[in-house]
Amino acid sequence: MKPPAGPTHPAPPSVHTSTGPEAASPRPGRVEPLPREVLERVCARDPEALGAFFDRYFDHVFGLVCRLLGDRTAAEDVTQEVFLKVHRAAHQIDTARDPAPWLAAIATNACRDVWRSGAFRLGRRSASLDDDPALAASLGSRSGDPERLAVAREREQKVQQAIAALPEPLREAVVLHDYQGLSHQDIAALLGVEHAAARKRYSRALAALAKQLKGLLG
Amino acid sequence: MSDLERLTPEQEQARDAVRALPPLAARPAYRARLREGFVTGTLDTPARVVPLRSRTRPVWIGVTAAAAAAVVLAFALNRGPRWEVMGTSGAGAIEVDGRAVPANDAGAVTAALHPGARVRMTGDAELVIQSGHSVAIDVMPGSEVTLPAPPPRWIARATAGELRTGELRITTGPGFHGARLAIATPEAGIEVTGTTLAVIREPQGTCVCVLEGTVRMGGHREAMVPVPHGHLRYVFGDGHAKMDDMRPVERVQLTLFRAARARGMAE
Chain A
1 MKPPAGPTHP APPSVHTSTG PEAASPRPGR VEPLPREVLE RVCARDPEAL
51 GAFFDRYFDH VFGLVCRLLG DRTAAEDVTQ EVFLKVHRAA HQIDTARDPA
101 PWLAAIATNA CRDVWRSGAF RLGRRSASLD DDPALAASLG SRSGDPERLA
151 VAREREQKVQ QAIAALPEPL REAVVLHDYQ GLSHQDIAAL LGVEHAAARK
201 RYSRALAALA KQLKGLLG
Chain B
219 MSDLERLTPE QEQARDAVRA LPPLAARPAY RARLREGFVT GTLDTPARVV
269 PLRSRTRPVW IGVTAAAAAA VVLAFALNRG PRWEVMGTSG AGAIEVDGRA
319 VPANDAGAVT AALHPGARVR MTGDAELVIQ SGHSVAIDVM PGSEVTLPAP
369 PPRWIARATA GELRTGELRI TTGPGFHGAR LAIATPEAGI EVTGTTLAVI
419 REPQGTCVCV LEGTVRMGGH REAMVPVPHG HLRYVFGDGH AKMDDMRPVE
469 RVQLTLFRAA RARGMAE
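Those protein sequences? They're chains A and B, same order as listed. Using my numbering, the first residue of the first sequence is number 1, and each one after it goes up by one. Using my numbering, the first residue of the second sequence is number 219, and each one after it goes up by one.
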């Protein structure tokens, strides 16, 4: 097993058992890991394997970063940084584990850098997710009913705005769990907190979201 | 029962609304460019302004005797421009002389750096520093270095630093002409007189990759050997050495680093 120097490797993703309230709706976001032999070629920086890696995980990373930052231009920069770091550390990938939690850790840390930067704190926003033509296109691919599209888009805008209004630690907790599909165990390892603390953050995030969205979702 | 097992209907609705958020599509041109860069290893760090706090200018020492004042003034004027932080990235802290400084606080990092400072990069923090038009150094994640003094301007223009582990990428500018920068690792010494190179200290030994110019490198038990551009020289822990073509990834990264710093160092 390759020693994880540099990027930390959380414990293998835990199987999320469908019991209790969390079973009410399926969690999106989990990506089928690449086969081990492909990951080994990624370690060797084989171009074809790198392409497969990119194709498998790009949307996963970009979506996470977009939801955390709520800004498309910043998300493009951060996603580029993430893949730059991945390429530099490719030789250190643990081929026995799903790289998704590792990618989520890099992406989350990169988003934290952005949150701490002066430019972001000054509120510079160049392209919100609401203005995204690709979003309209993705909505269009799901349904041809204009009214249903408009309702769905409005709902998504409200939810994203509510997420963006959360304090960053709570935003991380709910996006990583409910949008990205990571377990609380993975999230705890990623954030460097205890499992109980990760669950607590998630509870507080849901409580805050519920308060913001009360009466708005219909 | 835990909080998660006591979700209110509103909390369940909020949770389900997040789970129902659709995936977000990137711009096709952006995605294609990023993919190409990732596959070929030519991705660059996206330009991002790291705000620098204003600093007070150096305070000149005043003396009453005119000759002493002139010597002191000349000595002070000879000092190279102090290290400026040109960029930081990554999570983690930069430890300077054992004290952690947030990697994203460029002002604090600048204030903490000084010649001879022992710098350790934690997490995936990375630091780029530059001395005027003279030299820029990219301190890569995981590196432990002793910072050299900026090369003096006119006389006694030799300066030295140390790399205990990790990697430094170095590129010199027009202001470096005639100066000499020495980097020592546990098994080798490297002399830079005007070039772009990477010094990589790994568990097996020290590698120098030279993009342009000529670098001299030697194990501590051997004479210095010139390493021409486009090549690497590796000195292993047992003292034996080899010369080879430079690492492709270093060729790309050093080219990008040189380009990124070239405009800032142009006179």
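Because the hints were derived from the structure by calculation, they are not lab data. There could be a bad hint or two in this list.
Here are some, though not all, of the chain B residues that point toward chain A, as calculated from beta-carbon distances under 8 Å [unchecked claim]:
hint	residue
1	R233
2	P264
3	D315
4	N322
5	G325
6	R439
7	E440
8	M442
9	V443
10	P446
Here are some chain A residues the structure puts well away from chain B; computed CB gaps all over 12 Å [claimed, not checked]:
hint	residue
11	R36
12	E37
13	D46
14	A49
15	D55
16	A90
17	N109
18	A110
19	K158
20	P169
21	D178
Built from N, CA and C at the ideal position, the CB exists for glycine as well.
Against the structure, the hints:
With 8 Å as the threshold, the beta carbon of B:R233 comes within range of chain A, its nearest partner Cβ sitting at about 6 Å, so the hint holds. Annotation: B:P264 was flagged as interfacial toward chain A, and the flag holds, the nearest CB pair being 4 Å apart, inside 8 Å. Violation of the interface hint for B:D315 is found here, the shortest Cβ-Cβ separation to chain A being roughly 23 Å, above the 8 Å cut-off. Hint on B:N322 holds. Least Cβ distance to chain A is approximately 5 Å, under the 8 Å limit.
Hint on B:G325 is violated. Least Cβ distance to chain A is approximately 10 Å, over the 8 Å limit. With its C-beta approaching chain A no nearer than about 29 Å, B:R439 sits outside the 8 Å limit, and its interface hint is violated. Because the beta carbon of B:E440 sits about 29 Å from the nearest beta carbon in chain A, more than 8 Å, this interface hint is broken. Annotation: B:M442 was flagged as interfacial toward chain A, and the flag is violated, the nearest CB pair being 30 Å apart, outside 8 Å.
Interface restraint check: B:V443 against chain A, minimum CB-CB distance 28 Å, threshold 8 Å, status violated. For B:P446, the shortest C-beta to C-beta distance to chain A is roughly 26 Å, which exceeds 8 Å, and the interface hint is violated. No beta-carbon of chain B is positioned within 12 Å of the beta-carbon of A:R36; the least distance is around 20 Å. The claim that A:E37 lies off the interface holds: its Cβ sits roughly 18 Å from the closest Cβ of chain B, which is beyond the 12 Å cut-off.
Not every C-beta of chain B lies more than 12 Å from that of A:D46, the closest at about 9 Å, which undercuts listing it as non-interface. Not every Cβ of chain B is farther than 12 Å from the Cβ of A:A49; the closest lies at roughly 9 Å, contradicting the non-interface assignment. Consistency note on A:D55: stated as away from chain B, yet its beta-carbon is not over 12 Å from all of that chain's, at 8 Å minimum. Once the 12 Å rule is applied to beta carbons, A:A90 is inconsistent with being away from chain B; the minimum gap is 9 Å.
Against the 12 Å criterion, A:N109 falls within the reach of chain B, whose nearest CB is about 4 Å from its own CB. Not every CB of chain B lies more than 12 Å from the CB of A:A110, the least distance being 8 Å, so the non-interface label is violated. Residue placement check: A:K158 does not keep its beta carbon more than 12 Å from all beta carbons of chain B (closest about 8 Å). Distance check on A:P169: its Cβ is at least 14 Å (rounded) from any Cβ of chain B, clearing the 12 Å threshold; non-interface status holds.
Its beta-carbon lying about 4 Å from the closest one in chain B, A:D178 breaks the requirement of being farther than 12 Å from that chain.
Of the hints listed earlier, those the structure fails to meet are numbers 3, 5, 6, 7, 8, 9, 10, 13, 14, 15, 16, 17, 18, 19, 21, in rising order.
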